[in-house]
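Below are the chains, spelled out letter by letter.
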Amino acid sequence: MAAPEKVHRPTMIIGIVCGTLAALAWAAGFVVAKHGIQVGFSPADLAFHRFFWSGLLMLPLIVREGLRNLSGIGWGAEL
Amino acid sequence: MTILSGPPQSLLAYSGFILVPLGHGTTIQPACAALSGLVLASLVLHERRPFNAIIGGAIIIVGLLMFGAESLATIGSAGVGGDLLFATAGFFWATFGTLLRLWNVPGTRAVMAVGAVSLIVLAPIYLFIYGVSGLARQSLFENLLQAVVQGGIAGSLPIYLFAHAVIALGGGRAATFPALVPVFGAIIGFLALGVVPSLAQFVRHADRAGGFQPGPSALNASRERGRSATQSAPTAITRRCFTAAKSPASRARRTEPATTAESVPWHDALAAPTYEQRRADVRVPEAHTHHGTSCKISLRPDRRPCQPMVFGGRAALYFPAVSGNRFLTILNFDMSTVASMCMKITASRSTFSMPKSSMMPLPPCSSTACCATFMISSEANILAMLTSTSASGALSSTACAARPSSARTASMRVAMSASRSADRLMLDQDPAALHVILHIIRGRLESPHTDAEILGAPG
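From first to last, the protein sequence lines stand for chains A and B. Numbering follows our numbering, in which position 74 of the first sequence is assigned residue number 74; successive positions increment by one, without gaps. Numbering follows our numbering, in which position 217 of the second sequence is assigned residue number 217; successive positions increment by one, without gaps.
Chain B on its own, in the form it takes in the complex:
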C-alpha cells in the first residue's frame, strides 16, 4: 500500500512535472485514477458499473488519447513519458483504493499506516541516500512552503474536507469537486507561478499560456515564413525571455544548439532539461530572431492574428478528460477511504470531547421528527453513534453510502452491510446506534440515493 499510495507513487507524479506542464498533471493523473478504478472494480471486485460511469470512462479515454497526441506533437517523446508517469501514478492510486476494498481495510488505518511506514522506513532511506543537502540547497521559505502545503494542506486536509462535502451533499454532487481540480490548478498555476497574461495576450498566446510548446507544424510554418520576419511586440512571456536571455545560464545555452523537445528521449526523463528549461531554450532564439541570428527554433515569430480557435482547441483538449472525470471522479473508487477516515476522525474527536450519555435521544425512525433530529443534532454526534459500534460493518455501510457510483447498487450494499452492523448492535444493546443504522437501511431501501437524504432535510 505504501508503494501504491506513498512516496513511490508521489515520485512518479513529481517526476512527471519535470517533463510536462502543470495542466497535464492536474488532469491526467485524476483521470487515469478514475479510469483505472473503473476497470479494476470490474476485473478485481466484479462490480457492475452504471452506464454513466462507462460513458465517463470512454470520454476519459478519448481525452487521454488527445493528451498523448498533443504531447507527442508538441513536446515529443519526453512529453509522452511525462504523461505516462502521471498515468502510472493514477493507476497506482486506483490500485490502492481497490486493494482497500478487496481486503476490507478501513481507510483510516491504511492512511495512518502509510504515514507511519513512510516515516519509519522510507524517510531514513531518503536521508541515507540523499541526506539533507537537497533540502538545504533551498531556502527556508521554500522548505516551509513544501512542508505546509504538501504535508498539510494537500495531504490530509482535502480528504477531510471532501468527506464532509460527501456527507453534506451526497456522493453524486460531491463528485463535482474533484473534477474542478484541473480548473483550479490552472487558475492557481497562473496566479502563483507568475503566468498571468492579459486577456488579449491570453487569446493571442492561448497555446503558450495553456502551457504547451508549439508543435512541429507550427515551427516549420514559422521557419517557412522567415525567422527574421517582423516580430510582434514582446509580450509578458517574451519579456521574460529577454530576462532569461540575459542570465549567464541562458547565454551558455545560447552558445549551444538549441535543444529541441523532440530530441529528448523520454527514458532520459530525469536527466533531460525540465519543461521550463526547454521552453527557455526555445524562447531565447525567439527573442533574437529579429537580429537574423541563426536559430533552430522559433515560436511563431510572425504577426498571426488572434486565434480564438486555437484557444478553443486547447480547451477542447482538456474537456473530455475533465468532463469524463465528472462522471467518474477520482474518488469514485476511494470514497470508502475518504468517508471512513472522516468518520473515524470525527468520532474519535467526539469520543474524547463528548460523553456517550450526552447523545440526543432519537424519536421513532418513521417520523419526520427523526430527520429533524438529524438536522439539529451535531454531525459529530451522529457520527459518534455510527462509529460507536466500532465495527467495520458500520463504517463500510456509511462508506458505501457515500460512493458516487450506482446509487441502487450502493444502496443494496449499504443495506447488507448495515444489516450486519445491526445484528452486532442487537447484541451490543446500543439502541441509539441501532436506530441510526435502521434509519439508513430504511432510507436506502425506500429511496436509494445519497447520504444527503439521510443527513439532510426530510423528504
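Excised from the complex, chain A in its bound form:
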C-alpha cells in the first residue's frame, strides 16, 4: 500500500475550496436549470443559453487553434 498522502496545508485548503466551489457551481447549474423550466423556459432555450455564451467566449480560442479543422479534431468527429 502506498503511504498516506501528505498534502501541504495551503495546497489542501486551496484544493478543498476549489472542489467545493466546483460542486456548488455544478449544483447551481442544476438548480438554475430547474428554475428555468419552472419559469417557462423550454429545454431548447436553456441549451441556447448554456452553449451560446460559452461558445462566444471560446470562439477566439478556436479561431486561433484553427477553425477549418476545429484545431485538428475535424468537423465530422466533432459533430
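The hints are simulated quantities; they were obtained by calculation from the structure and are not laboratory data. Among the clues, some could well be false.
Stated by the list, open to error - To give an idea of the interface, some chain B residues facing chain A are shown, with a C-beta separation under 10 Å as derived from the structure:
#1 I18
#2 G25
#3 L72
#4 V117
#5 L122
#6 V149
#7 G189
Bear in mind that the values here come from a model prediction, so they are computed numbers and not experimental data. Even glycine gets a Cβ: it sits at the ideal position worked out from N, Cα and C.
Following the hints, put chain B in place on chain A, whose structure we already have.
Relative to chain A, chain B alone:
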C-alpha cells in the same frame, strides 16, 4: 462529440427536469455517467477497473433501481421517463469522455470545439426554428440569470476549479466533490427555489420536501381514511397551495378532473404538465378537502405523526447512488478532459504573461529540495514547464495521473506516457520540462499515488 456533450445532451437533461424533481436530476445523471464510464472503459478501452470501482458501480445500480421504483410508484410512467432522460444524458456524457480517450483528443480542444460548433451550427438552427420569442417571453433578469449561471458559472468554471482541486488534492480525494453535487443541489434548491420548510415541517413532510409525490398506497390510504377528515394545520407547502388555488389557472384546472401523475404517459413527456403543475393540481384538492368537495387525490389529509422513518427512507433512496458515486465519480472517465483543460488554460495564460527564461531552475530530482521547489514555485510555472513540450504525451501523462481510478494502473500509464514525452524532450533539449517529467516518472514508479505527492509536500 457535440451531440454527446453539447446541446443535444443538455436537451435531454433539461427535458428531464420537466418531469421529475430536482433531486432526481442531480443524482441520476452523474451516477449514470459514472456507471456508463465504468462499462465503456471496460468494453471499449479494455481497461481493468479496480475492485472498489466495481463495488461503486454495483451500489450505483442499486441506487438507480431504487430511483426507478420510486418514480414508478410515486410519479408514474412520466417519472420513469424523466429518470430515463437523465440516464441517457449521463450515458451521452460518458460516451463523450470515452471517445476522447479512444481518439486521444485533448480535452481542451474538444471542449472548445464543442463550443464553436454549438455557436456556429446549432445556435443558428435554434434561432431559425424558435427565434427569440422563447427568450423574449422571459424577463431580462431571467435571461441574464440563465446566461450567467448556465453559460458561465455552471459551464466552464467548475471544470477549471475541479481541475485545480485534482492537482492540489489528487484525484482520489477530489473525487469526493462531484459526489457532493446532489447534496449541494438539494440545499441550493431548497434555498433558491423557495422550498425551505422548518425542521418540524421537514420531518413531518419529509417525503414532500424531498420532492416526491405520494405513492398510490399513500393516496389510497388517505382516501380510505376519509378525504374530509380533520386536516392538520396548513404548512408552508399547503399555504402555497391556497395561493395556487386562488390563481385563475388553478381555478381552471380545478374545474377539470385532477390529473393523476400515473395517467401521464411518459412519451407525452414534453406535452405533459410539469412536475410542479401536477403537484399544484394535487395540492388544490387537498386545500379544499375539508369542505367535502369531490376530489380524486388527497395528499395524506390526516393527522399522521412525524415520520422519521419516512425521512430515513428518502435519505436511503439517495444514499446508494451518491455513495456509489463517491467511488466512481462522474469525472472518473473524464478526468483527462478536466486536467488537460486546466493545464492548457493555465499554460497558455502563463505563456503570455511569463517568459520561459523566468522559470525557476530545479535542483536535482532525487533531492527533497526538488519537492520544495515545487512547493515554492508557482503552479502556473510548473504547468508551463509541463506543457512547454506542446505534446499530447505530456498532457496525457498528467491527465492520467489525475485520474482517480486505480493508482497503480494510472501510474504505469503515466510512466509510459511520460517516457514518450521524455524522449521527445530529449530531442527538444528542454532540461526544465525533462526534469519535471522524470520527476513524475520516478514518483509514479516509486509511490504510485495521486498528483498530490508530486505537487504537494515532500514525503
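Hint-by-hint comparison with the structure:
Given hint, I18(B) at the interface with chain A, holds; its Cβ is 6 Å from that chain's nearest Cβ, closer than 10 Å. Proximity of G25(B) to chain A holds as hinted, the smallest CB-CB distance being about 6 Å (cut-off 10 Å). The interface hint given for L72(B) is broken, as the beta carbon of that residue sits about 21 Å from the closest beta carbon of chain A, more than 10 Å. For V117(B), the suggested interface contact is upheld, since its CB lies about 5 Å from the closest CB of chain A, less than 10 Å.
At a threshold of 10 Å, the smallest CB-CB gap from L122(B) to chain A is about 7 Å, leaving the interface hint in force. Annotation: interface hint on V149(B) holds; nearest CB of chain A at approximately 4 Å, less than 10 Å. With 10 Å as the threshold, the beta carbon of G189(B) comes within range of chain A, its nearest partner Cβ sitting at about 5 Å, so the hint holds.
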